[in-house]
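Visitor: Combine both chains into one complex, guided by the hints.
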Amino acid sequence: MWRRFLLIVGLALFPLSASHAVLEIQITKGVSTAVPVAIVPFAWQVQGPVPNTDVAAVIGADLTRSGRFKAIPVKSMLEKPSEASAINFTNWRILAVNDLVIGRIKPAGNGNYQVEFQLFNVYTGQQLLGLSVLTTPQGLRWTAHKISDLIYQKLTGQRGAFATRIAYVEVSGKAGKDSHYALVVADSDGANPQTIFDSNEPIMSPAWSPDGKYLTYVSFENQRPAIYWQNIYTGRRELLSERPGLNSAPAFSPDGRSIALVLSSSPGNPDIYVMNLSTHALRRITHSDAIDTEPVWSPDGHSLYFTSDRGGSPQIYKLSLNGGKPQRITFDGSYNAQARISPDGQILAMVHRESGQLHIAVMNLSTGSLLTLTNGDLDKSPSFAPNGSMIIYEATYHNQGVLEEVSVDGQVHERLSESQSGVSLHAPVWGPFLSQ
Amino acid sequence: MKVLRYGLMALAVTLFAAGCAKTVKPVTAPVATTAVPASTAPATSTVAAPVQTQLSPLDDPNNILYKKVVYFDFDKSNIKPEFLDLLTAHAKYLIANPNQKIRIEGYTDERGTWEYNIALGDRRAQSVRRFLLFQGVNPDQISTVSYGEAHAVCNEHNEGCWSQNRRAVLVYLNQ
Chain G
926 MWRRFLLIVG LALFPLSASH AVLEIQITKG VSTAVPVAIV PFAWQVQGPV
976 PNTDVAAVIG ADLTRSGRFK AIPVKSMLEK PSEASAINFT NWRILAVNDL
1026 VIGRIKPAGN GNYQVEFQLF NVYTGQQLLG LSVLTTPQGL RWTAHKISDL
1076 IYQKLTGQRG AFATRIAYVE VSGKAGKDSH YALVVADSDG ANPQTIFDSN
1126 EPIMSPAWSP DGKYLTYVSF ENQRPAIYWQ NIYTGRRELL SERPGLNSAP
1176 AFSPDGRSIA LVLSSSPGNP DIYVMNLSTH ALRRITHSDA IDTEPVWSPD
1226 GHSLYFTSDR GGSPQIYKLS LNGGKPQRIT FDGSYNAQAR ISPDGQILAM
1276 VHRESGQLHI AVMNLSTGSL LTLTNGDLDK SPSFAPNGSM IIYEATYHNQ
1326 GVLEEVSVDG QVHERLSESQ SGVSLHAPVW GPFLSQ
Chain H
23 MKVLRYGLMA LAVTLFAAGC AKTVKPVTAP VATTAVPAST APATSTVAAP
73 VQTQLSPLDD PNNILYKKVV YFDFDKSNIK PEFLDLLTAH AKYLIANPNQ
123 KIRIEGYTDE RGTWEYNIAL GDRRAQSVRR FLLFQGVNPD QISTVSYGEA
173 HAVCNEHNEG CWSQNRRAVL VYLNQ
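Chains G and H, in that order, give the protein sequences.
Note that the numbering used here has the first sequence beginning at 926, numbered continuously upward.
Note that the numbering used here has the second sequence beginning at 23, numbered continuously upward.
Isolated chain H, as found in the complex (with noise of 0.2 Å):
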């Protein structure tokens, strides 16, 4: 899929500016990339010895690459202070392993129409995107779709649950 590539520049003006994030424009500059064979999936040993593997860090549950969710206030869709950190090891990460591909899925509560849920949660999938973008992962890394309020992980109708519901998973496609 043909990704634009944007101006870090016009990135930094307009990232925390919720509500008005759409006004960036697509710049020819484009952000440096490295021609990277693709990676091959992990061959299955047929060595009977058991097989040593190292915890990656997406799965270590002492790294903060662990978590792969961000939460985001009611009917909006800019990121929150909190997860500043979260998103930037996520950037790191990408930059260091360049082959490694993300989805970002965006959704949102149940408390809106489906059709505007569908472009609010993509509104939030292209803030965490910009924001990864902004710390210089290569565009062609990531994709992002919206499920909106579908796919809640909370069923109840209440903050408790609209809380955890509104969110930005980022989903690693090729671990």
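Only chain G is shown next, with the shape it has when bound in the complex (with noise of 0.2 Å):
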């Protein structure tokens, strides 16, 4: 009994370039506790040359990275069966594998590929799930991510948020202003990297749209700052805000309409707004002499959380967009800043200064209480995975910049750097699920 998908095509961005190496993944710490799963190779029953991704070895890779499993290496399988009819679950057994999944990929017709799948439990023989999904060739890695996904959803009961995409700003070249700044959109195990803008002067604070299909960030293309919105798809992009002074950390609504951003309400006083997209007409939120910065929506979309030193240092402040009072959010240690909200609104993620050392920070929205999650010295700009896993940061490492990820209590943690020297990442934003 197969369960068939939509065709996935090749998910085609509007890239300046693809140039880039792809980043490379080190599970920095793992738990002891990760399930041994076996994901054996794929059987190629498609006349002509085996294409370059190897499908087994993506999902394994992705389900490894969520530190709930360990894919085992496929040189110390005993078998390598691709129907159901030839396991033999003893063989299985004896690795101690708990789950396993086959699959082979077929010919669909027009060049489409049908790519079938099975996951079984070993002990019990059971299988889980079989499923069939229709792709392009350039669809393939893609349908890998979709697949791990639902392999991850089948046995933690939580969504995969393998099939997503992360944004970050590349920055290369020498100190002071030869540098030059990409923004780039790159699935969520940093393949397929892709430029959508490029810049000799800065590229900050990206934010992803709800749908996953526009970016916003700060340009200082002009030598001012200013705010863009871009299709990563068409590349069409529109400035939305380019005023007298700050031009600063936009943020989407989660109802994609109006985008929150930092703007000076006199020379030298940062202030929240919230812009409608569509008339670009401007709300003023917060009336402060002090800096509000970095603002982020509640997951309903009523509030909105910032940054503010008006009690002398920068704190996390909540703001009902319905009126009220800010409340101040954050009390423990003289600076918390860049407040990021799980998806399901219960965690916020946030900056913590600890001895002059910047770390990562969770906290408890119902407890109050915080959980520091990283021990780097310059760790900022926290995104959640959209399944609330995991949190993608920028760390430093060898005096480069690199991405690191770690799960929300802080168990797994891992790195993504860019194998050339001189190349820093900035700045990740992990985006939304997508309907495909």
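Everything labelled a hint here was simulated from the structure, so no lab data went into it.
Take the hints with a grain of salt, since some may be wrong.
Examples of chain H residues lying across from chain G (beta carbon under 7 Å, computed) [said to hold, decoys possible]:
#, residue
1, W136
2, E137
3, Y138
4, A172
Which bits of chain H does chain G cover? Going by a derived footprint, with three or more residues having C-beta under 8 Å, they are [to be verified]:
#, stretch
5, 156–168
6, 173–181
Backbone N, C-alpha and C define an ideal beta-carbon position, used for all residues, glycine too.
Guide: This is the structure:
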């Protein structure tokens, strides 16, 4: 019994270039409780050359990267079945594998492929999942991520976030004004990095639209800050704000109709505003003489969290958009900034300064308890995966800006780094779930 | 760009009050301005004879105006006493050369979030701007921009570098 999926096409962005080296992922701290799984290489049943994408390897890397699973190496497999009838479960039980995935790739006409896979519990021999996915050749890697999502959801009960994207700013070149900036969109595992905008002036503060089609960001291309939004598929970009003073920290509302942003209400006084994206009408939200910046929406769209030094040091505040006074949220330490809210609205991630170092910390919004997740010197720009399981952030490693990920319980740590030296990665933002 | 003008007295009161410098209110009394025609770009000589140029004080290493950077303490935006003479000299030069425009660029070190650092760099640029306005410089001569921690002049992760990056730079625009 096969459930069929819609055609997964190759996801063509509108790239300026795709010449980047793929990011290397290194799991720097795993958990001993990771469940062993086996993803058998999928049988290739199509006339013609085997494609570059090894679907089973992508699935295995995805599941291992979650920290919840550990894919066993292909070389230790005693058999490599591609049909259910060929499985001898004893061969997997002696390897202490819990779950087994087999699959095959067949021709589907018009040059497309049918990717069939099955998931088995090794101990009961029961099939947990059996699906068939139609894909173009270019969509094969994305199909693998989709399969990872389905397996992850079946085994953990939580939706997988492998078939999602990240965006980040890549800075290359020397210190000072000789740097080059690129806004890059890549798959969640760092594959397929594509530059969607680049400049010799700084690019900052990328943020995703809730449908994953747009990025808004700050560009200094005219020697002053301006906020743009850009369709990542068509490349079309539009100026949203280039007012005197600051134009900073844009953030899409959950309904995608507005952005929160930071403007100078008078010289030297940054305040938070909300802009309607259809009319460009502005509504001023904060009215303080202090620095108010880094707005982020609560998942219900009714409130903004933001950073303010109105109490003497930067702390995180919450303000209802229906009126009322801002309520201070953080009290622990002298520097808490850049709030990010988990998709369920329960956890607040932030940049927390301790002994002069910047760490990523999370706060349980019900209890107020704070947990520091990272121990780098300069960890900042946290961003939740859309399923809330992991946080991606920027860190410094060997004098280079790298991206790191940490599970919200602090158990799993990994690093995504550019192999090229002299290239730093900054301001990662994890995109939303995508409909395809 | 329309620039708000500030009363001198209000500035005098708040200039050195770090952290609450934004209580300044715009007042209606404008700073005296003179209508001056826009300066023309220096004409290129077509004569074969060597051009005699007098070194601008801005380019003369022996002149105080050669220095165009002031530095700040960690997380601070108040002007440190050792830079008052330098900024006073620049103010006098700008008053004497009313066609001269400058852009004040504010920067921070990397020990903060990108967006908060943009706000902190802006505060540093505004501190310098207010000092120059207080000295009598025409607001129309001054623009500001904050780059935050971008365009760091030093890329190592230690105080030696950080102290060089926490700065405001006076950029003369039509030298």
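Visitor: Please verify the coverage claim for the stretch 173–181 of chain H: does it have three or more residues whose C-beta sits within 8 Å of some C-beta in chain G?
Guide: As far as the stretch 173–181 of chain H goes, the hint holds, because 7 residues have Cβ atoms under 8 Å from chain G.
Visitor: Taking the closest Cβ pair, is E137/H under 7 Å from chain G?
Guide: 4 Å, holds
Visitor: Could you check if W136/H really has its C-beta closer than 7 Å to a C-beta on chain G?
Guide: 5 Å, holds
Visitor: Have a go at the A172/H hint: is there a Cβ in chain G nearer than 7 Å to its own Cβ?
Guide: Because about 4 Å separates A172/H from the closest Cβ in chain G, which is inside the 7 Å limit, the hint holds.
Visitor: If you look at each residue in the stretch 156–168 of chain H, do at least three have a Cβ nearer than 8 Å to any Cβ of chain G?
Guide: Holds, because 3 residues of the stretch 156–168 of chain H bring their Cβ atoms closer than 8 Å to Cβ atoms of chain G.
Visitor: Given Y138/H as an interface hint, is the shortest Cβ-Cβ distance to chain G below 7 Å?
Guide: 5 Å, holds
Taken one by one, the earlier hints all hold for this structure without exception.
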